[in-house]
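The lines below spell out each chain.
2 protein chains.
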Amino acid sequence: MAYFDSASSAPLHPVARQALLASLDEGWADPARLYREGRRARILLDAAREAAASAVGCRPDELVFTSSGTRAVHRGIAGALAGRRRVGAHLVVSAVEHSSVLHAAESHESAGGTVTEVGVDRTGRVAPDAYEKALRADTALACLQSANHEVGTEQPVADVAQVCGEAGVPLLVDAAQSLGWGPVAGDWSLLTASAHKWGGPPGVGMLAVRKGVRFAPQGPADERESGRAPGFENIPAVVAAAASLRAVQQEAVAEAARLRALVDRIRTRVPRLVPDVEVVGDPLRRLPHLVTFSCLYVDGETLLHALDRAGFSVSSGSSCTSSTLTPSHVLRAMGVLSEGNVRVSLPPGTAEEDLERFLSVLPDTVRDVRERLGAPSAAAANGATATAPTTAGAEEAALTVDSLGKRCPIPVIELAKVIGDVPVGAVVAVLSDDEAARLDIPAWCEMREQEYVGERAGDGGTAYLVRRRA
Amino acid sequence: MAYFDSASSAPLHPVARQALLASLDEGWADPARLYREGRRARILLDAAREAAASAVGCRPDELVFTSSGTRAVHRGIAGALAGRRRVGAHLVVSAVEHSSVLHAAESHESAGGTVTEVGVDRTGRVAPDAYEKALRADTALACLQSANHEVGTEQPVADVAQVCGEAGVPLLVDAAQSLGWGPVAGDWSLLTASAHKWGGPPGVGMLAVRKGVRFAPQGPADERESGRAPGFENIPAVVAAAASLRAVQQEAVAEAARLRALVDRIRTRVPRLVPDVEVVGDPLRRLPHLVTFSCLYVDGETLLHALDRAGFSVSSGSSCTSSTLTPSHVLRAMGVLSEGNVRVSLPPGTAEEDLERFLSVLPDTVRDVRERLGAPSAAAANGATATAPTTAGAEEAALTVDSLGKRCPIPVIELAKVIGDVPVGAVVAVLSDDEAARLDIPAWCEMREQEYVGERAGDGGTAYLVRRRA
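Chains as they are written, first to last, in the numbering used here: chain A, 10 to 479; chain B, 10 to 479.
Excised from the complex, chain A in its bound form:
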């Protein structure tokens, strides 16, 4: 039994547990009160703020505790936008931000603001000059994560902060995935984080706002946490969050090196062990503990269940595992395969044996899922070799596959089964109403060196056109 989903939530760190227990009896009173129980609570809160600020790399009076990372993001973005309302209502975000950032951006847009989404390359990384181009005279705020939560790619925060600084635009950095590994470098203006990502308790987020950054808290007034985070302070959890943050940061250098090596094993060996796999994300500039790969012809949810039965807890950005039936926006922005997607994020202390066992279990697990789905066998499907690109011919499809009503990975499996039936240079049309097909068919073409021609409206769905190249 191995839990490999620490990017989603990490088990409570022993230091967090200790600090929580120790402060339950001292930290329940209202820290605004003048009596002894209130003063004791105030002392705990102040000490936690000092510790957390030092771990973030800011002043204690720049940091407030919120009730979650999501709340920190929502409050931070709303307050920073309102603080610069006179400048304008333009917001810049990357296309691969956490959903809390993107939802705040949607909310801003529906309230009349404008949003520019900066794209990423195939590793999930933004380019600083893309941020530079996105900034306008009316830009109130830019947001960029420190590292991506789905593929682990580190973002060039310091460079983007410099670009923003030169334009006079504050930069909010969502550091949820990286803060446990160390403070965020660069001259950011606002920073958000979430304690349960580093083994702190749930119920604690952090929002840092540098002195001098204009900030106008939104929503009903509240005197707590400098007016930036309404609601009674959760002091035992805040104490535990701060203590565990310092503890994990102290262990970070050694543990990062160890986990980085384990993740490298996955990055290197999974493509050798499992046919038709794409490992995504930046191989070097990445979080030490996180790797994501996608398996052609595999249903992500079925694979997750199979791995769960084998004793491994991982997550997936495949559409089939989500109630919305759309693939991960991160994988989509990167333009990589989303089907059969697996994210492995190793908690500190992950045993080497567990990782090796995962590597030994994975190939058969994937093969079983593929067999059940009737996927083309790897040997047969893998036989194609690269040839010179065919010249563009007529877009008339030689063959149309009707995949209407079928969910990922079936449309791709059906495509793979028939591509050999048409002559080289001919076009296969896959008619699908599954949102994942828009991402997975081009990704399949890239992986299998077939030519993705494009899409057009079809009867009851979209026709995705693929030209056989070999």
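If you are wondering where the hints come from, they were derived from the structure by calculation, not from laboratory data.
Quick caveat: nothing in here was measured; it's all calculated off a predicted structure.
Glycine residues also receive a C-beta, built at the ideal position from the N, C-alpha and C atoms.
It is possible that part of the hints are untrue.
[Stated by the list, open to error] Computed footprint of chain B on chain A; a stretch qualifies when at least three of its residues, placed anywhere within it, have a C-beta under 8 Å from a C-beta of chain B: (1) 177–191; (2) 230–240.
[Claimed, not checked] Here are a few chain A residues that sit away from chain B, every Cβ distance over 12 Å (derived from the structure): (3) S77; (4) R95; (5) A98; (6) G221; (7) A265; (8) R267; (9) D373; (10) G434; (11) L440; (12) R457; (13) G467.
Chain A is fixed; fit chain B onto it per the hints.
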């Protein structure tokens, strides 16, 4: 050492502590995940919701957990107002609601909505027909607390709910102070609560929205908690909150009777033991554990410090203890004295000896504070007896007391010192720039049976006019 401020925050209930510890190891994972740790977290969350809903008296799918009572109120009011946007933007609240409700109302007003504040009688109670009068064709929502947090008076929730129901207006009940004592009677539409008020952990609020009540969550979207409470679920705290709510409700009948008797001792004996005291709030229709009284010629903050040194933790609605220098809006709405205000709220299990010790310590403590402030002696000041009202004469003040720059209770003390220096029927003007004087001078007149004539603009402040009646 006795903590008598459970209305502010209660120490962790043993059941809450047990449940919290038990669920720390099971409840840290993301309940939306499909693997075993996620499923375990989901089971805990579902069970907590069942338990809490049964304690509230609603269906589990009507209840969500928020990160605090304040958040429950803010989210509840915003969502209910938005859900009935087509009906109108009129909000009705009582004048004695918790600040979280009043701040949400201010926020609604500054966004273009309208708000009617329903007043209370001298016990702090609203009249159902006052709500009836306040309702309009464009009323989107009405709010009423189940019981007041500062003076303990129970509100006629069932009657107000009926009035609202007949008008087709949903009623949101802030049950923060009463839920530990039992479910709220009556046909409310929305209900909010806060776990740390009943000995649950901090970081948990509850929002119930009855089926059929129109509700449109505001702010950035989030899929958690039916879209009504963004942010990662704090499952260990939620489990502890639900378990302790059931536990305190089970103990409620016996403990309420016991604490009610202890509070009755305060209500009866404090006015006998301490001269010039006003016990406020409804003597019968009240929370079992809470009582508030105000002491003439006393600085609330000094009294709190003195009681703290004597081993008692209580709170105060006096202006002098607040950073805003305005007296409690509750006492102001009731029109009662705010100076030297003390709120005693007994946690379950309060020992009789502690209460007796409080009663034995209080008289000397108040006397010491009065002496230090140079207050008129009780005997001398208490000599006046009621006479027939004097007829209104010239408003010309026979004597003006300049209390500019002096904080409560000094203006009242200076008034009390000179009232005997003017003839019966003559007027004393107290010139003050302290906001508390507006409340405390009329309240002093009522207590001392002098005639409060009114106020007029004075040089550098307000002149409060008092006619000597005896």
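Each hint tested on the structure:
| no. | hint | in the structure |
| --- | --- | --- |
| 1 | 177–191 | violated (count 0) |
| 2 | 230–240 | holds (count 5) |
| 3 | S77 | violated, 3 Å |
| 4 | R95 | holds, 18 Å |
| 5 | A98 | holds, 16 Å |
| 6 | G221 | holds, 24 Å |
| 7 | A265 | holds, 22 Å |
| 8 | R267 | holds, 22 Å |
| 9 | D373 | holds, 19 Å |
| 10 | G434 | holds, 43 Å |
| 11 | L440 | holds, 30 Å |
| 12 | R457 | holds, 29 Å |
| 13 | G467 | holds, 31 Å |
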